[in-house]
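Enquirer: The residues making up each chain are set out below.
6 protein chains.
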Amino acid sequence: MLIHLSSWPEIDAALKTTKTVVVPIGSNEQHGPTGLLGTDWLCPEIISHAAEKQDASLVVAPTFNIGMAQHHLAFAGTISLRPSTFMAAITDWVSSLSRHGFERIYFLNGHGGNVATIEATFAEIYAEWSFVEEQPPYVLKLRNWWDLPGVNSLCNRIFPTGHGMHATPSEIAVTQAAYPDRIKIADYSPQIAPVGPIRDALDYRARFPDGRIGSDPAQASPEKGQQIIDASVAALLKDVADFSNEVLPGA
Amino acid sequence: MLIHLSSWPEIDAALKTTKTVVVPIGSNEQHGPTGLLGTDWLCPEIISHAAEKQDASLVVAPTFNIGMAQHHLAFAGTISLRPSTFMAAITDWVSSLSRHGFERIYFLNGHGGNVATIEATFAEIYAEWSFVEEQPPYVLKLRNWWDLPGVNSLCNRIFPTGHGMHATPSEIAVTQAAYPDRIKIADYSPQIAPVGPIRDALDYRARFPDGRIGSDPAQASPEKGQQIIDASVAALLKDVADFSNEVLPGA
Amino acid sequence: MLIHLSSWPEIDAALKTTKTVVVPIGSNEQHGPTGLLGTDWLCPEIISHAAEKQDASLVVAPTFNIGMAQHHLAFAGTISLRPSTFMAAITDWVSSLSRHGFERIYFLNGHGGNVATIEATFAEIYAEWSFVEEQPPYVLKLRNWWDLPGVNSLCNRIFPTGHGMHATPSEIAVTQAAYPDRIKIADYSPQIAPVGPIRDALDYRARFPDGRIGSDPAQASPEKGQQIIDASVAALLKDVADFSNEVLPGA
Amino acid sequence: MLIHLSSWPEIDAALKTTKTVVVPIGSNEQHGPTGLLGTDWLCPEIISHAAEKQDASLVVAPTFNIGMAQHHLAFAGTISLRPSTFMAAITDWVSSLSRHGFERIYFLNGHGGNVATIEATFAEIYAEWSFVEEQPPYVLKLRNWWDLPGVNSLCNRIFPTGHGMHATPSEIAVTQAAYPDRIKIADYSPQIAPVGPIRDALDYRARFPDGRIGSDPAQASPEKGQQIIDASVAALLKDVADFSNEVLPGA
Amino acid sequence: MLIHLSSWPEIDAALKTTKTVVVPIGSNEQHGPTGLLGTDWLCPEIISHAAEKQDASLVVAPTFNIGMAQHHLAFAGTISLRPSTFMAAITDWVSSLSRHGFERIYFLNGHGGNVATIEATFAEIYAEWSFVEEQPPYVLKLRNWWDLPGVNSLCNRIFPTGHGMHATPSEIAVTQAAYPDRIKIADYSPQIAPVGPIRDALDYRARFPDGRIGSDPAQASPEKGQQIIDASVAALLKDVADFSNEVLPGA
Amino acid sequence: MLIHLSSWPEIDAALKTTKTVVVPIGSNEQHGPTGLLGTDWLCPEIISHAAEKQDASLVVAPTFNIGMAQHHLAFAGTISLRPSTFMAAITDWVSSLSRHGFERIYFLNGHGGNVATIEATFAEIYAEWSFVEEQPPYVLKLRNWWDLPGVNSLCNRIFPTGHGMHATPSEIAVTQAAYPDRIKIADYSPQIAPVGPIRDALDYRARFPDGRIGSDPAQASPEKGQQIIDASVAALLKDVADFSNEVLPGA
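Protein chains in written order, with the numbering used here: chain E, 1 to 251; chain L, 1 to 251; chain H, 1 to 251; chain Y, 1 to 251; chain D, 1 to 251; chain A, 1 to 251.
Honestly, the hints are just simulated from the structure, not real lab data. Idealized CB from N, CA, C, for every residue including glycine. Incorrect hints may appear among the rest.
What the hints assert, rightly or not - Distance condition first, Cα-Cα at most 16 Å in a straight line; then the derived EDC-like pairs of lysine to aspartate or glutamate: (1) Lys53(L) - Asp181(E); (2) Lys141(E) - Asp239(E); (3) Lys53(E) - Asp181(L).
Stated by the list, open to error - Computed far set for chain A versus chain D, every beta-carbon distance over 10 Å: (4) Gln191; (5) Ala206; (6) Leu248.
Chain E on its own, in the form it takes in the complex:
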């Protein structure tokens, strides 16, 4: 059940049988010379929508498409929230979803650069309850799609070299499978991009001139992408089910 393509009575009905909602969350940022700017929000959207197709009882929120990408701002098309803004927005999403009775809120994340801020936000949200000795009416979970059980190892099997950390062939492949008419080609030089620390935008551009970190996206293909999607969908459905069924202490 995709929330944005449902009516409110349909969501009301769904809440009778599930208290879990999946929020695809990512970033809109450069992904090297050939990657789509939307890669990091498209991947969790692609995977969660495919999962919902398999199991219509999975409730999927609209995609949270802009995250924390300050280091990519020297490349055109990147849109970033400051961490403080990102925190405020996630907080309001949680307040809204909780208001309707969702008690387990699962963020399927597509951008490594979001992790610290999302975790800080969870702490900010929990702190409101911790200070006043009350139990929050929800449990929050963050899962990067590549950390879904089995997915990372699959990606490494498919791309034993040149996987890297940004504009990876895995994520490029996933978007190629979903948007085959948007596949772009470029000569990569070097074939495998350099690695290094991530700091501000100018430093980033100086270190990683075409935007990639450690990756060779030329290895991507729609077929490989579909393979990754399929594995991710199965793992997601299992992971969400486990999260939904987790028994809380004191319950």
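Use these hints to put chains L, H, Y, D and A onto chain E, whose structure you have.
Expert: Same frame as chain E, but now just chains L, H, Y, D and A:
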């Protein structure tokens, strides 16, 4: 050119010929017993994407899909930002887009409840420059899609009665044209919903039990929706061109 | 009953018979070559104080005299709050007045530029209740004094041309009636000021060199101002009474 | 020159001969059984307006009428800003006045409870410059009207006992001189109110049941008020002149 | 009982017999050519730790070592919070300590520049309760160590001239007693530093070239420091006991 | 060189030869039945101070002793900042240290729960520069002391079982070496604490009744602590030197 399906070099190239970007912006909120929760962000997305199909030089940002919908929070599936969060997020979008050289930022809005906060945000953004006697490097424009020249009068011709203010047959029809497999049916009682002031969520639900205000969405059809989309696309392309060509004082 | 000229026991007593308070709210900003900088807060103050003279049971708060006027900052004497500051301040006024038992808070506004931010503030305030499924203990209302029933049409009858949008002869006339010793004279060139969009302060000054928008304030006179005040007072008393008597859903 | 009763060209002209502006600042809060709720903003307004009458070159801003009065909130009619809101608002006033060329901004304060927050605000404002090794384009000064040279000693001479700290006969007398038709009478019990620490609103009301601290306002009279006003006006004009003429280090 | 050298069960046990906690709070900022940068947080730490040695039932929190020192930022080693940050941090300390059952929170302060912001913070904290007509579960107290009964007069007796306001021989002496191996020597020119107003960092450095205000720290000695510490310890234990035993109205 | 025990001229002199500063940062929070509440800020303080003893040219800031510990708030003595407060405070520390010329700011962290918020803060700080296409005048680095090269493997060799994640024998041992008179003893039941997810404070206390996660602190001893300190000191000096000597792109 859809930013999220482009690479950064493609956006870089586009910036050589245009400095204007269109941001579809809306809300995810209840739209009565049959309207899609995503209606208000889907409509500007549908219209701007259709416009980009006609004129590939139109640069369209990802859709800003969550807005100010606090009054709808008593209906499941609604997700709202507080105005202060919304303001921070819009500000970061503007900072990001401006960073790349976009000088005219056009928000195509799909939710009346967003208008006050978006305008307050423009003032907040401009104030930073006004206090220090500097000219901002961009001009901001807000346009509701139904206020595109000719669109409102068309909607009123198609739906002379029961158009109303929320869950209108116009917006329902637009989503029906784009998502014909998601058309939902219900008995409306009363056929035309009541009207009244908009305040907090509980007050809203008490006044407008099924979520509609003043509307009879049963009149919507995919054909009427396509007619509205076609008119909106033409008007949007013209309106964006005028905005791009507007000469600023002192220029 | 003017709060600031009353003692707390007097307000305590008043709260036994009314739960409504009127807050005159405006802005301190340039009003063309002859208009008073205080025009936009003086007008609602003049009208609400005159109304209180007619009906001493009307509770009037001190005047909220600084609003959102960033676009006027290129003209000396303008004082503006950023929208975010304005929102915080209005919120605290509401919290204070509500604390004493006022349940209907009526803002009589004198500045068009305040409208978006005041409405966004109402949403910010309501959101706190909407997120937690509680009914706020107050209802908020915004009314521009020129939108009081009958006032706009009167102004248009008195000033059929050159009324404009800023430094209008109506508002100038109202202040002339109240401060006849502060009437200022200037040659206007052009007689009717230009119109255009409102953006940042430098853009504004370039478009509207003497500060007016679309108006010819030379038409103002104290007599016309008194006529407008009289009409506004009557309309205000009626409007506030209606607001006080409005039955809420569920009540 | 009262800013709010002037036009922008008049302020522009004034800025040719002075760079100093006086901001009357106070609070709207209970002042015992007989004191006006507006006392703390009326006193600096009365004194600064009287000073401007004597010396028309004195530039006086509109009155900042709501301050930090959280401890008085258990008494009807009190309106308080949270300190954080108060800080934001003062900051915007300073930014606005500085924008026009005012380089010495003098706050004439009427409420002891404002002092800590105003001083914290000055530090917040200066910090922006101190962090980046720049000199702010203005100097800020806070002066309580009763701390104007000679005023406190005069008040103590007039009221050798029962002056107290809140709802003092001095401030009551000043408002009586200016608003003789608003003089209120009550039996005070005890004649001189108790003293004690100031904390939250409920604690305050429990300690000081009628709102006064240490004072016997029955001693106030319009004549004594006028005497205090006269002394304050002379001292203010001298104090502002000294401030305007103060030579800064490095200048 | 020093919290940071205790385990949580030990604090739990202590809370059975006391509800009071002492928070040493200061600033890390220049203290002239010879004073330690830590002087202002070391002094309250030294005194409160010495007090805890005498009376192990005194509960002392970790030292809040960074305060409001924007005016000292032109001298290397100074670290300052903006007042707004300082307020947020103190608020969180109070929320944390209150969460465990501490009902009387006593801030032993070592920096005059902290006073306004700490008091504004108390008001900010209390305001949350005052707005909603609830009694906070704690009482907050600020005490500068030199304002402990008898301490100031002792310091003035020891240093009848050249005590001054910043980098005073008193505070230097206290740190000399505690850190005798860190005593530094310099020629002071002039022997007694100048006095003047405190504004931003560049203004401060221009007025007070070596950082001192009005003081002659050459008079300090470890013996004098010990004398001051001894007096302060006795006064602190008495002052905290009085605070703990204070009966609240309504209790 | 410990900043807090130095004078400003000493820091000024140090800045001639180094631009790097080490900030020990941690948390004050429960560490099981025997661990000191200060453990997480004492460990980086102990290690960095020991390193400074070996190499006096190492500049060490005062210890940032309160971090993000909301999940520990159900245990007495824990003091936590909300992430948003923590971010503001770190930002001000960076602004202050940068103001003096420090260009490499190295946070030696002692609390895993701080990591996400510190990283989010770095992004918040960098974003200010990234949005405006400027290079920040500093590089920020976060290093957990146990992640110093070689330290983790040493800890695992010393404590092959029962190391765990919170109240680990490693950190307990480090504090035992530094505070041998504060060693506490308890019976642990179970000997090795359970593991599980970290959420809000009540959930934490229910899962981990005595506060530990996965650890057996009974294995700690002062000797083992000294061994860990020695290894950490050597690794820290090397790590800081590498950071200081790192060549930036474009330099």
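Enquirer: Any hints this thing doesn't respect? Which numbers, in order?
Expert: Per hint list: zero violations.
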